[in-house]
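**Q** Residues per chain are reported as follows:
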Amino acid sequence: MLDNNQLLRFTTAGSVDDGKSTLIGRLLYDSKSIFEDQLEAITNTSKKKGHDGVDLALFTDGLRDEREQGITIDVAYRYFTTPKRKFIIADTPGHIQYTRNMVTGASTANAAIILVDARHGVIEQTKRHSFIASLLQIPHVIVCVNKMDLVDYSEEAYNKVINQFEEFSSKMLVKDVRFIPISALNGDNVVNRSTKMDWYQGAPLLHTLETIHISSDINKIDARFPVQTVLRPQSENHRDYRGYAGRVASGILRVGDDITVMPSGFTSKIKSINLFDKELEEAYAPMSVSITLEDDIDISRGDMIVRTNNKPEAVQDIEVMLCWLNNKSANPRTKYTIKHTSNEQKAIIKEIVYKFNINTLERITTDLEINMNDISKVKIRTTKPLMIDSYRENRATGSIILVDDATNETVAAGMIV
Amino acid sequence: MSKYYLNYLDELESEAIFILREVWAQFQNPVILFSGGKDSILVTHLAKKAFYPAKIPFPLMHVDTGHNFPETIQFRDDIIKEFGVELIVGSVQEAIDDGRVAEEKGKSATRNALQITTLLDAIETNKVDCAIGGGRRDEEKARAKERFFSHRDDFGQWDPKNQRPELWNIFNGKHFQGEHFRAFPISNWTEMDVWNYIKRENIAIPSLYYAHEREVVWRQDSWIPNSEFLVLEDHEEIVTKKIRFRTLGDITITGGIESDADTLAKIAEEVSGMRQTERGNRTDDKRSESAMEDRKRQGYF
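As you go down the protein sequences, you meet chains A and B in turn. In terms of the UniProt record's numbering, the first sequence opens at residue 1 and continues consecutively. In terms of the UniProt record's numbering, the second sequence opens at residue 1 and continues consecutively.
Just so you know, these hints were derived from the structure itself, not from any lab. It cannot be assumed that every hint is accurate.
As a list, the in silico DMTMM-like pairs of lysine to aspartate or glutamate whose alpha-carbon atoms are at most 20 Å apart [said to hold, decoys possible]: (1) B/Lys-48 with A/Asp-222; (2) A/Lys-32 with B/Glu-270; (3) A/Lys-278 with B/Asp-10; (4) A/Lys-220 with B/Glu-11; (5) B/Lys-55 with A/Glu-236; (6) B/Lys-174 with A/Glu-409; (7) B/Lys-3 with A/Asp-295; (8) B/Lys-174 with A/Asp-404; (9) A/Lys-346 with B/Glu-140; (10) A/Lys-220 with B/Glu-140; (11) B/Lys-161 with A/Asp-240; (12) B/Lys-3 with A/Asp-217; (13) B/Lys-3 with A/Asp-222; (14) B/Lys-3 with A/Glu-281; (15) B/Lys-49 with A/Asp-240; (16) B/Lys-199 with A/Asp-277; (17) B/Lys-55 with A/Asp-240; (18) A/Lys-32 with B/Glu-11; (19) B/Lys-49 with A/Glu-279; (20) B/Lys-81 with A/Asp-258; (21) A/Lys-32 with B/Asp-10; (22) A/Lys-84 with B/Asp-10; (23) A/Lys-196 with A/Asp-217; (24) B/Lys-3 with A/Glu-210; (25) A/Lys-278 with B/Glu-140; (26) B/Lys-55 with A/Glu-409; (27) B/Lys-48 with A/Glu-409; (28) B/Lys-49 with A/Asp-277; (29) B/Lys-48 with A/Asp-405; (30) B/Lys-174 with A/Asp-405; (31) A/Lys-84 with B/Glu-140.
Please work from the sequences and hints to get the whole structure.
**A** This is the structure:
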């Protein structure tokens with residue numbers, strides 16, 4: 001039984017040409033995560049389309065428009081389980097006009113799979129995907145050199161891709177990069193070890209996903225507890241109960257800890273930590289709990305409980321790497337709603353410092369209009385302080401979104417520098 | 001040293017509790033859509049955990065097609081009493097009687113699609129701004145694209161190509177008057193996760209999920225239960241079988257499977273060996289490749 005098994009979320013970015021859909025289909029099929037009726041459905045479709053054999057890529061078909069056009073438009077989530085772990089795949093489209101979907105899929109991922117066609121090596125799309133993975137600080141990157149069957153399973157071709165990748169990625173902040181030569185079409189090194197590449201000593205993809213160390217992916221140092229809501233039952237048995245409900249964003253909180261409530265600055269001690277009817281000694285990220293304090297102080301949604309000896313910054317001016325998600329361009333005069341943990345304030349984009357050309361990764365300082373899919377560094381001013389950490393140190397307290405009050409749409413996602 | 005990571009069930013639980021609290025904090029008048037099926041029971045159970053020691057702060061809303069398993073209705077009423085929550089019922093029968101919807105004709109007629117009108121009516125009359133559902137992304141390909149917080153326009157419609165991006169754990173439930181949201185706290189759970197969790201927490205579920213003797217007829221590759229609504233075809237024959245249901249919907253369209261699994265442990269074991277998807281026994285999804293997507297666009301669960 002999967003009792004102590006962890007959940008690993010990974011993202012795959014790419015287009016049909018890279019073999020992304022085939023790879024996902026292969027992972028699901030070879031790990032026996034596909035049901036007979038699903039297999040039957042795609043076997044029929046494969047026949048109708050005149051394909052030889054079963055086209056595994058059809059497993060990832062989604063909405064009607066996507067089927068008709070043979071593309072992925074939006075993020076789709078897929079699931080499979082092995083005796084070692086449960087996996088959530090955020091399957092995202094790879095074209096430049098879907099950068100926003102890649103960013104979305106990457107935001108919660110522990111690992112990213114980047115597919116490179118062994119025949120073509122590192123191309124612009126590879127660079128873009130790697131850049132997004134590093135920008136979103138995905139802790140583990142697995143570069144799958146695919147279509148090895150089309151280069152005669154040649155070690156030389158594989159090494160060439162590794163060299164190309166390392167050359168351009170040296171400037172990026174990816175902590176853990178691995179390379180695996182695969183053929184998604186034939187199943188080499190996906191679930192089962194390939195018999196055609198004896199020169200490769202490493203593990204197949206699935207084994208890699210099953211064993212990557214992910215316990216350290218969440219910040220366990222800085223205790224941050226954004227308050228979601230206050231629980232006041234006012235029932236017979238719990239007349240004086242006042243619990244602060246939330247999910248530990250990072251770090252560990254223990255009963256008896258000296259805490260400070262931000263932004264008010266009131267201090268107290270943790271009296272109890274509860275999960276339903278269980279009393280806990282400690283709570284760590286990403287646990288959802290409720291906390292009571294020794295003192296009766298005024299706390300509401302948007303406040304953050306932290307350890308007194310380790311506080312985040314409370315600031316109104318932040319520098320952010322911003323990915324624009326909406327087809328309405330950014331307007332420097334608009335007041336946006338900024339959402340950060342459970343906190344919500346108004347904000348304006350004060351200055352656009354530079355914009356990335358996300359194909360060449362060059363900084364642009366001339367044309368500074370922010371349009372959909374643009375990634376830029378900006379300065380934002382908020383009406384009231386946000387309790388922030390840098391995104392690099394803390395994904396949960398270093399991320400923001402902007403909402404346009406005229407449409408209520410989420411228009412931008414930002415990583416605090 | 002103790003470990004500082006959660007196992008996958010605890011992580012899914014924590015995520016669902018987070019979503020439920022976010023719904024409570026961001027909306028004025030949320031409800032839980034309660035069908036009496038295992039997924040909505042699970043959501044209700046998670047809501048109890050999320051707000052304990054306070055009561056579940058959401059009413060349960062049941063869209064009643066009139067074609068129910070009596071066991072489901074009994075279970076619903078028991079849960080209302082046990083948790084001390086309010087029940088809102090939207091009745092498909094009333095909508096038919098009022099002439100707002102017309103019953104489907106023919107042998108495979110169901111009231112499945114008719115639920116859309118009743119659901120949207122109930123949402124509107126009760127001024128619901130967020131309906132929490134037990135939908136899961138692993139169920140069906142259109143559901144694989146759902147957000148945790150899913151926007152519906154003022155006609156209750158879903159626009160799958162124009163969904164709000166959802167990043168990290170920041171959820172945007174802002175909406176205009178007349179629009180509403182659907183929230184799916186167990187989006188990331190699979191059928192197997194649901195059963196493993198129900199088993200671990202020993203959650204009460206309707207007896208229909210356990211193997212039992214029942215009068216059934218073989219139709220569209222599954223055992224359809226005998227009921228007052230069943231119209232027998234010439235070649236069909238009612239037999240008694242030991243079956244259980246893998247999902248619960250209308251009594252007219254929910255097929256059972258032959259099974260001896262009469263405990264949660266046996267059910268979980270049986271499900272882990274299943275080679276068919278759970279909705280494979282639902283005739284409503286067999287109509288076309290985009291049957292679910294089409295219904296969802298109009299406002300279905």
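**Q** Next, verify each hint and record whether it holds.
**A** Evaluation of the provided hints:
no. : hint                     : result
1   : B/Lys-48 with A/Asp-222  : 30 Å, violated
2   : A/Lys-32 with B/Glu-270  : 16 Å, holds
3   : A/Lys-278 with B/Asp-10  : 14 Å, holds
4   : A/Lys-220 with B/Glu-11  : 16 Å, holds
5   : B/Lys-55 with A/Glu-236  : 12 Å, holds
6   : B/Lys-174 with A/Glu-409 : 8 Å, holds
7   : B/Lys-3 with A/Asp-295   : 30 Å, violated
8   : B/Lys-174 with A/Asp-404 : 10 Å, holds
9   : A/Lys-346 with B/Glu-140 : 38 Å, violated
10  : A/Lys-220 with B/Glu-140 : 36 Å, violated
11  : B/Lys-161 with A/Asp-240 : 48 Å, violated
12  : B/Lys-3 with A/Asp-217   : 14 Å, holds
13  : B/Lys-3 with A/Asp-222   : 17 Å, holds
14  : B/Lys-3 with A/Glu-281   : 14 Å, holds
15  : B/Lys-49 with A/Asp-240  : 19 Å, holds
16  : B/Lys-199 with A/Asp-277 : 18 Å, holds
17  : B/Lys-55 with A/Asp-240  : 15 Å, holds
18  : A/Lys-32 with B/Glu-11   : 24 Å, violated
19  : B/Lys-49 with A/Glu-279  : 13 Å, holds
20  : B/Lys-81 with A/Asp-258  : 41 Å, violated
21  : A/Lys-32 with B/Asp-10   : 24 Å, violated
22  : A/Lys-84 with B/Asp-10   : 16 Å, holds
23  : A/Lys-196 with A/Asp-217 : 34 Å, violated
24  : B/Lys-3 with A/Glu-210   : 18 Å, holds
25  : A/Lys-278 with B/Glu-140 : 35 Å, violated
26  : B/Lys-55 with A/Glu-409  : 32 Å, violated
27  : B/Lys-48 with A/Glu-409  : 31 Å, violated
28  : B/Lys-49 with A/Asp-277  : 8 Å, holds
29  : B/Lys-48 with A/Asp-405  : 33 Å, violated
30  : B/Lys-174 with A/Asp-405 : 9 Å, holds
31  : A/Lys-84 with B/Glu-140  : 25 Å, violated
In the structure shown, a violation is registered for the earlier hints numbered 1, 7, 9, 10, 11, 18, 20, 21, 23, 25, 26, 27, 29, 31, in ascending order.
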